[in-house]
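Enquirer: Sequence:
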Amino acid sequence: MYLSEIKLTNFRSFRETETKLSEIVIFIGRNGEGKSNLLEAIRFLRTIATFGIDAGIQTVGGAKYFARLEGNQPQFPVNVSFRVDFDPPLHFPQDPTTSLDAATYTLTIKNPNNTHNNGVSLNYVWEETITLENVQTRDSADTSPIRIIVSQSSNDPDAPAQVLSESLVRTSSHDKLLSKLFPTDQRVWINHQWGSNRPVQISLLQSVQTSPLNFWLSANVFFFDPDPNQAKRIIDPIGLLTLTEDGNNLAEVIRALEPNQIEQLNTYCRTLFPRILGIEPMDLGDGRWTWSLREQNGNTFPARFLSPGMVRGIILLVALVQATGSACLILEEPERFLDPSLLAPLMAIIQDVVKTQKCQVIFTTQSPEILAHVNVDRVYWIRRDDEWSVINHPATDERLRDWVQDLGIANLYIDDFIDTVVKERPRE
Numbered sequence: 001m002y003l004s005e006i007k008l009t010n011f012r013s014f015r016e017t018e019t020k021l022s023e024i025v026i027f028i029g030r031n032g033e034g035k036s037n038l039l040e041a042i043r044f045l046r047t048i049a050t051f052g053i054d055a056g057i058q059t060v061g062g063a064k065y066f067a068r069l070e071g072n073q074p075q076f077p078v079n080v081s082f083r084v085d086f087d088p089p090l091h092f093p094q095d096p097t098t099s100l101d102a103a104t105y106t107l108t109i110k111n112p113n114n115t116h117n118n119g120v121s122l123n124y125v126w127e128e129t130i131t132l133e134n135v136q137t138r139d140s141a142d143t144s145p146i147r148i149i150v151s152q153s154s155n156d157p158d159a160p161a162q163v164l165s166e167s168l169v170r171t172s173s174h175d176k177l178l179s180k181l182f183p184t185d186q187r188v189w190i191n192h193q194w195g196s197n198r199p200v201q202i203s204l205l206q207s208v209q210t211s212p213l214n215f216w217l218s219a220n221v222f223f224f225d226p227d228p229n230q231a232k233r234i235i236d237p238i239g240l241l242t243l244t245e246d247g248n249n250l251a252e253v254i255r256a257l258e259p260n261q262i263e264q265l266n267t268y269c270r271t272l273f274p275r276i277l278g279i280e281p282m283d284l285g286d287g288r289w290t291w292s293l294r295e296q297n298g299n300t301f302p303a304r305f306l307s308p309g310m311v312r313g314i315i316l317l318v319a320l321v322q323a324t325g326s327a328c329l330i331l332e333e334p335e336r337f338l339d340p341s342l343l344a345p346l347m348a349i350i351q352d353v354v355k356t357q358k359c360q361v362i363f364t365t366q367s368p369e370i371l372a373h374v375n376v377d378r379v380y381w382i383r384r385d386d387e388w389s390v391i392n393h394p395a396t397d398e399r400l401r402d403w404v405q406d407l408g409i410a411n412l413y414i415d416d417f418i419d420t421v422v423k424e425r426p427r428e
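So the sequence shown is numbered by the UniProt record's numbering: it starts at 1 and just counts up by one.
Keep in mind the hints are simulated off the structure, nothing from the lab.
You can take every hint at face value.
Below, in silico cross-link-like pairs of lysine to aspartate or glutamate (DMTMM-like), each with a Cα-Cα straight-line distance of 25 Å or less: (1) 358 / 87; (2) 232 / 333; (3) 7 / 332; (4) 110 / 16; (5) 355 / 23; (6) 355 / 369; (7) 20 / 333; (8) 232 / 332; (9) 20 / 332; (10) 20 / 386; (11) 355 / 332; (12) 358 / 23; (13) 20 / 127; (14) 358 / 377; (15) 232 / 283; (16) 355 / 85; (17) 20 / 377; (18) 355 / 333; (19) 358 / 246; (20) 7 / 127.
As the structure is a computational prediction, the values presented were derived from the model and not from experiment.
Could you build all of it, start to finish, from the sequences and the hints given here?
Expert: So this is what it looks like as structure tokens:
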């Protein structure tokens, strides 16, 4: 189960882009070219799956900054779409005899009346589409796609959503399947109160019937930008056993790892830091915990004595060890604080985790050392073209592929030559 495609229209710095992804994805580019905006689109979808559309819009700066503004004119429609592939096929919890190979979610935000005030639209219409592909059921051999579309205006948040379409092909088998997976009383836009009596629209992505996509986004997409100082904290365990984005609960996570996970973590630690024998939880008494590092010579060092680079490396390794077969890990510049000589073994560990644990790893980097140790097909170059971000990939850009084969992606990146290559006219 992994994110196989993402499409954006008028989202942040992206005018329009469509990118197919693999199990390991590496985004490179200069500062300010749009790498973070692309990751923000994934975070936006995860927030929608967890808290609803209103909360998702707040995470990207609110309505005023949701669309890229140009001359105080909002850019519409805003479109964010992603596709998840399931291998092996995913079975619905409501009906274990029914499975699907892929699902696509699309959110389109329109401004039909073009009403705006200082660049802020006063009237939005949300339209959500979920497409289920190659749905197989015991009752029917019909595997044509099934599509659910709902729409609602922000002007009337209390009104139920309008179900625009329930299937691409209206067949009796689809009707039967839809009635089983998408009960009529659930085909509405649910409203509830969030915070101070503020209405929140609950996304179709959150509803029970679309739990495969909801579960993947809300429970299996993890962002990590570790803060070594936070990870050294002494903690009182509260039952938070999944590593947080900055790693501030590292001690609790290490304490809760299974024996096989501890063994794997220590193996990876010895690969990255040969002096290390292992990582251990440390009980300080009074219910407080930290963690420590034991060296091959028997010396033990509590977390507070370790360097930022070593702590950040250990956080990344714990995140990788915790990854399951359906996890998507999104890492911000994993090379930060690490010695360049450690990046080759780090990439070897990432590749091993993806292969053995069947997870997906997506990360940004500015390190030519990392690029020197990866398959070029994993690398995506993000740049600005006429003020908008675009993505170039050797698999779809023949000229870039030729240059990469001649000089290597790392050398092109160091010499700041990739931009020149992709902007020049193709050779005749």
